[in-house]
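Visitor: We have chain B; now place chain D onto it with these hints.
Chains as they are written, first to last, in my numbering: chain B, 1 to 112; chain D, 1001 to 1111.
Just so you know, these hints were derived from the structure itself, not from any lab.
Just so you know, not all the hints are guaranteed correct.
[What the hints assert, rightly or not] Under 10 Å between C-beta atoms, here's a sample of chain D residues computed to sit facing chain B:
hint, residue
1, Val1004
2, Thr1007
3, Tyr1035
4, Gln1100
[To be verified] Subject to a maximum C-alpha distance of 25 Å in a straight line, what follows is the list of computed PhoX-like cross-link-like pairs (lysine-lysine):
hint, chain 1, residue 1, chain 2, residue 2
5, B, Lys70, D, Lys1078
6, B, Lys104, B, Lys69
7, B, Lys104, D, Lys1083
8, D, Lys1078, B, Lys26
9, D, Lys1083, B, Lys26
10, D, Lys1042, B, Lys26
11, D, Lys1057, D, Lys1078
12, B, Lys26, B, Lys56
13, B, Lys26, B, Lys104
14, D, Lys1057, D, Lys1042
15, D, Lys1057, D, Lys1083
16, B, Lys104, B, Lys70
17, D, Lys1057, B, Lys104
18, D, Lys1042, B, Lys69
19, B, Lys69, B, Lys26
[To be verified] Output of the computed footprint for chain B on chain D, the stretches with three or more beta carbons under 8 Å from beta carbons of chain B:
hint, region
20, 1036-1046
21, 1103-1109
Backbone N, C-alpha and C fix where the C-beta goes; we use that ideal spot for every residue, glycine too.
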Amino acid sequence: SQQGEEDPQALSIQEGENATMNCSYKTSINNLQWYRQNSGRGLVHLILIRSNEREKHSGRLRVTLDTSKKSSSLLITASRAADTASYFCATVRMNRDDKIIFGKGTRLHILP
Amino acid sequence: EPEVTQTPSHQVTQMGQEVILRCVPISNHLYFYWYRQILGQKVEFLVSFYNNEISEKSEIFDDQFSVERPDGSNFTLKIRSTKLEDSAMYFCASMGGETQYFGPGTRLLVL
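One chain only, chain D, in its complex shape:
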């Protein structure tokens, strides 16, 4: 069964460093999303992406964040200068029909 994959599964970085989180959505899906979940809190929407552009973004998704679909398969989330409060689990999702399928997540720890 097709699934969304994410790499890396864990990443530790120093505050101020740039990180790139990678996702491979399900191949025939056209809508892509990033969400995050701070430990013990709810899953929060960050950004949606369709037709090679952002269709909606939340207040969390400030100028430090960017997304890209550099080729036909990868979908990336870049955090330019990480802050301590960016520590969270980041989930990628892609949508087929009405259902969003989530990847296993990348656990980001900013020190």
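The shape of chain B in the complex, shown without the other chains:
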């Protein structure tokens, strides 16, 4: 079954450094999205990249997509304490309805 799997499972970096999280999936997709979840809270949509796009930017976020490798990366530049959260990649399958398949997430901790 299609599944997004993030890597690493957990990441701790110093404030100001860049954080990179990776995601792999198994089947063809329409798009891939990244969400953030603060502890015990709701899911906040960060960015969407379509299957025909290779890179996308939004503020301090940069997402890449390699459909040949079925992988994506999320880069957060100049990290801040407020970036501490879990980050999930989520995929929407090709030619299917729009349910989202979530990965297990990367827990990012920004150290002061």
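Guide: Just chain D, lined up with the frame of chain B:
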């Protein structure tokens, strides 16, 4: 900015009781979803809803679950007879364009 809202934020219930979780999707959205997240686990799809009917449901969404859009604004998830393993965070989402916008969730605890 429009947002999805959910009530209640927390609910504690006894095993076997019925619960209704409520959601108000973003007003001009047409596709609605329920997901759940058991503590420490990934977010799992439960059901999608379009044009007043279920368009897809997962294996989790058995006969104990039902969804309804009783009026033009609310979207509800009912669990008829709760089990201990139904304890989770339940998220409602509505879709505009290609993006699903999630509510803050209802934390359900079944005792």
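Visitor: Look at each hint and say if it fits the structure.
Guide: Structure-based check of each hint:
1. Interface hint at D/Val1004: satisfied, since its Cβ lies 8 Å from the closest Cβ of chain B, which is below the 10 Å cut-off.
2. Interface restraint check: D/Thr1007 against chain B, minimum CB-CB distance 13 Å, threshold 10 Å, status violated.
3. The interface hint given for D/Tyr1035 is met, as the beta carbon of that residue sits about 8 Å from the closest beta carbon of chain B, less than 10 Å.
4. Restraint check, D/Gln1100 versus chain B: the minimum CB separation of about 6 Å is within 10 Å; hint holds.
5. Under the criterion of a C-alpha separation no larger than 25 Å, the hint pairing B/Lys70 with D/Lys1078 is inconsistent with the structure, at around 37 Å.
6. As the CA atoms of B/Lys104 and B/Lys69 are separated by approximately 19 Å, the hinted pair is consistent with the 25 Å bound.
7. In summary, the hint linking B/Lys104 to D/Lys1083 is supported, as the alpha carbons are separated by about 24 Å, within the 25 Å threshold.
8. For a cut-off of 25 Å, the pair hint linking D/Lys1078 to B/Lys26 is broken: about 33 Å separates their Cα positions.
9. For the suggested pair D/Lys1083 and B/Lys26, the alpha carbons sit about 32 Å apart, so the restraint of at most 25 Å is broken.
10. For the suggested pair D/Lys1042 and B/Lys26, the alpha carbons sit about 17 Å apart, so the restraint of at most 25 Å is met.
11. With a C-alpha separation of about 14 Å, the suggested pairing of D/Lys1057 with D/Lys1078 holds against the 25 Å cut-off.
12. A distance of roughly 21 Å separates the Cα atoms of B/Lys26 and B/Lys56; the hinted pair therefore holds under the 25 Å criterion.
13. For a cut-off of 25 Å, the pair hint linking B/Lys26 to B/Lys104 stands: about 14 Å separates their Cα positions.
14. Taken as a hint, the D/Lys1057 and D/Lys1042 pair is honoured in the structure, with Cα atoms around 17 Å apart against an allowance of 25 Å.
15. For the suggested pair D/Lys1057 and D/Lys1083, the alpha carbons sit about 19 Å apart, so the restraint of at most 25 Å is met.
16. At most 25 Å may separate the alpha-carbon atoms for a hinted pair to count; B/Lys104 and B/Lys70 meet this at roughly 16 Å.
17. Taking the CA atoms of D/Lys1057 and B/Lys104, the gap is about 20 Å. The hint holds against a cut of 25 Å.
18. Annotation: proposed proximity of D/Lys1042 to B/Lys69 holds, straight-line Cα distance about 23 Å (limit 25 Å).
19. Straight-line distance between C-alpha atoms of B/Lys69 and B/Lys26 comes to about 9 Å, which keeps the hinted pair within the 25 Å bound.
20. For the region 1036-1046 of chain D, the stated coverage by chain B is satisfied: 5 residues place a CB nearer than 8 Å to a CB of that chain, which reaches the threshold of 3.
21. Coverage of the region 1103-1109 of chain D by chain B holds in this model, with 4 residues showing a Cβ closer than 8 Å to a Cβ of that chain against a need of three.
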